[in-house]
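Number of protein chains: 2
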Amino acid sequence: MSLLIVGTVAFDAIETPFGKTDKIIGGAATYIALSASYFTKKINLVSVVGDDFPSDTIKMMQGKGVNTDGLQVLKGQKTFFWSGRYHNDMNARDTLVTELNVLADFNPAVPASFQGSEFLMLGNLTPTVQEKVLDQLKVRPKLVVLDTMNFWMNVALDDLKRVLKKIDVLTINDEEARQLSGEHSLVKAAQKILVLGPKYLIIKKGEHGALLFDKEQVFFAPALPLEDVFDPTGAGDTFAGGFIGYLASTEDISFENMKRAIIYGSAMASFCVEKFGTERLLNLSQNEVDDRVQQFVELVQFDIELI
Amino acid sequence: MSLLIVGTVAFDAIETPFGKTDKIIGGAATYIALSASYFTKKINLVSVVGDDFPSDTIKMMQGKGVNTDGLQVLKGQKTFFWSGRYHNDMNARDTLVTELNVLADFNPAVPASFQGSEFLMLGNLTPTVQEKVLDQLKVRPKLVVLDTMNFWMNVALDDLKRVLKKIDVLTINDEEARQLSGEHSLVKAAQKILVLGPKYLIIKKGEHGALLFDKEQVFFAPALPLEDVFDPTGAGDTFAGGFIGYLASTEDISFENMKRAIIYGSAMASFCVEKFGTERLLNLSQNEVDDRVQQFVELVQFDIELI
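These protein sequence lines map, in sequence, to chains U and C. Here the first sequence is numbered in this note's numbering, starting from 1 and rising by one per residue. Here the second sequence is numbered in this note's numbering, starting from 1 and rising by one per residue.
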């Protein structure tokens, strides 16, 4: 089934303890789309860049099954740029530069040919921009997943809460879950957040894995223990892309299948952090993905028969 | 098979955001023995207390299958006392009081009737005291598990490293693994630590679960997401007690069975933190334990068939 992805396509410059990059390709929608492309080739992208964005990259994405008819290329304007520095433990990062550029006035337009997309991934953006996309869809998608961050909780909480009423799955990290709910316990936080609208909540805990909640159930997926986390940029978006890409490819939005989707998302994220930026996501083989998922199976599966 | 437990039997006074206790029963060996008693009734305890320690508690432990012939009760002396305060996130704690008392000159004596114990749990103690127990055993146990902490890495690293050469399983937390190995990555840390002697390493990550490593494999068990962690005191020891108690009861020290043992240990630890001190460990039913283990199964199990 077709998957509509909305989010940033951007330039990033990244410093980690392992090195630094000049401007490389980044953006939430980029990571989401690349990750999802390993599961489905019916991807529709809504985003915006300036005319400084390389057409080769757009062609590369098209080659991976991404329809870029909804990617606005604004003449004489510059692409969104973010620069950040990670520290030794990779959990904390400093933002060095944020140049909104084309993102400042982003007015998303869903092409007519994108109508009817059954799956919608709203990458991290101003909540009102996310809402504008939802409002343009004539038929509500089968599943709407929204990613957001603490920044929007600080500056646009009412907008965010309004959008939360319209979605199915919310993905945020543990600190954001605590902020949004006012609860330290993630179990209590989840219960409060599920009252705000989403039927499912995914709490991302970085190297400590991810939790999936609905009102009755909880599922936990670990992150793969890695020798090195080279660059965590985009890991959460890559996770989301694998998650919704797998769901779109299997056309099954049951809790049981969401468990599998989270494992696939975690596997994709474990590749993402192995190199700078999107590099590791560009040329994975099906075998590499399957082997990685098998590592997750071996990591957590045990066999207990209760007496 | 019989299980020999060496460690502290103590008084604790605990403050958490939920309340505070006067002197209550604590100590690593107490938690280990209570937890293990749900799996095996052949428990031999080596420890020391003063004559201020309540005989009712000793009788209670005997009632749970703990042979206290190796528990020295020193006349005119006082039991080891520790007092600590936890903060909101429960991951950090301040030690308020440490009175070593009988522990200052603890000279462990293994009774003749304890010779031949097939499983040995060396709870956190001075490494030379742990070693003295090992040296008194005429037949090496089938499995030796050792718990230690950063304090001994700071003040008795050479002693600790000597003892590590004689054990099978080391249990430490993530920060201790990093300190002992000099590696931030837990995967790299594990590889270095396994060279020091232990065949297996368990890295305890508190609310983030636990990892089991041998030289070739890794297994991850989550902690159960709880509404409230009331008091984390003793959780690591309760985990260790469930782990070795399950192994002793099943007489199987394969990696596959250690996975199960870690789930049982995690289940026991999830009870421990629900009330102050040992309270929750005193009267669990087999059904409660089984239900809790079933929750772990439901928390992590998924069903992926790779194509």
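Hints may be right or wrong, so weigh each one.
Unchecked claim - With a straight-line Cα cutoff of 27 angstroms, these simulated DSS-like cross-link-like pairs (lysine-lysine) come out:
{"hint": "1", "chain 1": "C", "residue 1": "Lys-205", "chain 2": "U", "residue 2": "Lys-205"}
{"hint": "2", "chain 1": "C", "residue 1": "Lys-205", "chain 2": "U", "residue 2": "Lys-188"}
{"hint": "3", "chain 1": "C", "residue 1": "Lys-192", "chain 2": "U", "residue 2": "Lys-188"}
{"hint": "4", "chain 1": "C", "residue 1": "Lys-42", "chain 2": "C", "residue 2": "Lys-20"}
{"hint": "5", "chain 1": "U", "residue 1": "Lys-275", "chain 2": "C", "residue 2": "Lys-188"}
Honestly, the hints are just simulated from the structure, not real lab data.
The hints, checked one at a time:
Taken as a hint, the Lys-205/C and Lys-205/U pair is honoured in the structure, with Cα atoms around 13 angstroms apart against an allowance of 27 angstroms. For the given pair, Lys-205/C sits about 21 angstroms from Lys-188/U by alpha-carbon distance, which is consistent with the 27 angstroms threshold. Taking the CA atoms of Lys-192/C and Lys-188/U, the gap is near 39 angstroms; set against the 27 angstroms cutoff, the hint is violated. Under the criterion of a C-alpha separation no larger than 27 angstroms, the hint pairing Lys-42/C with Lys-20/C is inconsistent with the structure, at around 34 angstroms.
For the hint linking Lys-275/U to Lys-188/C, the alpha-carbon distance of about 18 angstroms falls within 27 angstroms, and the restraint holds.
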